[in-house]
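Novice: Sequence:
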Amino acid sequence: SRLLGRFAAANERVVPGNNAFLWDHLFLPLALLREHLDLVIYPKGTIPLWSPAGKVPIMLDLGYFYPALNAYKPTTTLYTRQAMKFAARHSALIFTISEFTRQDVIRLLKVESSRVYNLYGAASEQYQRVMDASRLEAVRKKYNLPETFIFYPTNLSPRKNFPRLLEAFENVQEKIPHHLYFTGQVGWNTKGLDKQLERLSVRVHRMGQVPVEDMA
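In our numbering, the protein residues as written are 2 to 217.
Hints in this document: simulated from the structure, not taken from any laboratory.
Even for Gly, the Cβ is constructed at its ideal location relative to N, Cα and C.
Heads up, a few of these hints could be off.
Computed Cβ-Cβ distance ranges for the label pairs, DEER-style [said to hold, decoys possible]: (1) Met132 to Gln104: 20 to 28 angstroms; (2) Asn145 to Lys196: 48 to 56 angstroms; (3) Phe101 to Glu138: 38 to 46 angstroms; (4) Leu34 to Asn162: 35 to 43 angstroms; (5) Ser115 to Leu194: 17 to 25 angstroms; (6) Met132 to His179: 36 to 44 angstroms; (7) Ser115 to Asn71: 21 to 29 angstroms; (8) Met132 to Asn71: 40 to 48 angstroms.
Below 25 angstroms or equal to it, Euclidean Cα-Cα: the simulated DSS-like pairs (lysine-lysine) are [unchecked claim]: (9) Lys142 to Lys56; (10) Lys45 to Lys176; (11) Lys142 to Lys45; (12) Lys45 to Lys86; (13) Lys111 to Lys86; (14) Lys161 to Lys196; (15) Lys86 to Lys56; (16) Lys45 to Lys74; (17) Lys176 to Lys86; (18) Lys196 to Lys176; (19) Lys45 to Lys56; (20) Lys142 to Lys161; (21) Lys176 to Lys74; (22) Lys143 to Lys45.
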């Protein structure tokens, strides 16, 4: 619900529910039934087991199919793998956001290439250079930022490879004046980060979740 209002011309609905499985396969389909929709696009890469409308998923990546990444909880990985396979079999077509992922969908999910289309993303209009000096100074003071710094917007999870970034920063920190600032929440399987962050605490700073209006 925190995203409501971002698209003025949209008719927005909130479907509550804390259980991912029940939300995916019961609460959402029931809500769709009430809306009398012809086609539904699913930006999370999976679809309900049943739906009253046509189905098109957007698959951002197939990280669940790369065990070496160890990117997600085992139960989440097991569920999502099966759900994505189901989506591949029962969708009219599939959108991906890169040619790499498109080829993954074709190869790993055995989907005909004619059913997989790239739908490239673009930066929001809000991500433009801020020229208002007073706004820049206000945000700088809000987060106690220096004039120049390295900024990494992320969340802390294995698929972001954050430990490698810290290792690289540690290797060059004596050669550069910059501090490293990063955003985001702690995700799953981040053991070992605490020691790295403690060792680099003078130069590396966690900002937590930064409001979208401050990002640019």
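Novice: The structure should be examined with respect to each hint, and the outcome stated for every one.
Specialist: These are the hints, each one checked on the structure:
no.	hint	in the structure
1	Met132 to Gln104: 20 to 28 angstroms	41 angstroms, violated
2	Asn145 to Lys196: 48 to 56 angstroms	24 angstroms, violated
3	Phe101 to Glu138: 38 to 46 angstroms	40 angstroms, holds
4	Leu34 to Asn162: 35 to 43 angstroms	41 angstroms, holds
5	Ser115 to Leu194: 17 to 25 angstroms	43 angstroms, violated
6	Met132 to His179: 36 to 44 angstroms	23 angstroms, violated
7	Ser115 to Asn71: 21 to 29 angstroms	34 angstroms, violated
8	Met132 to Asn71: 40 to 48 angstroms	43 angstroms, holds
9	Lys142 to Lys56	47 angstroms, violated
10	Lys45 to Lys176	42 angstroms, violated
11	Lys142 to Lys45	36 angstroms, violated
12	Lys45 to Lys86	13 angstroms, holds
13	Lys111 to Lys86	9 angstroms, holds
14	Lys161 to Lys196	18 angstroms, holds
15	Lys86 to Lys56	14 angstroms, holds
16	Lys45 to Lys74	17 angstroms, holds
17	Lys176 to Lys86	48 angstroms, violated
18	Lys196 to Lys176	22 angstroms, holds
19	Lys45 to Lys56	12 angstroms, holds
20	Lys142 to Lys161	28 angstroms, violated
21	Lys176 to Lys74	38 angstroms, violated
22	Lys143 to Lys45	34 angstroms, violated
Hints 1, 2, 5, 6, 7, 9, 10, 11, 17, 20, 21, 22 from the list above are not met by this structure, while the remaining hints are.
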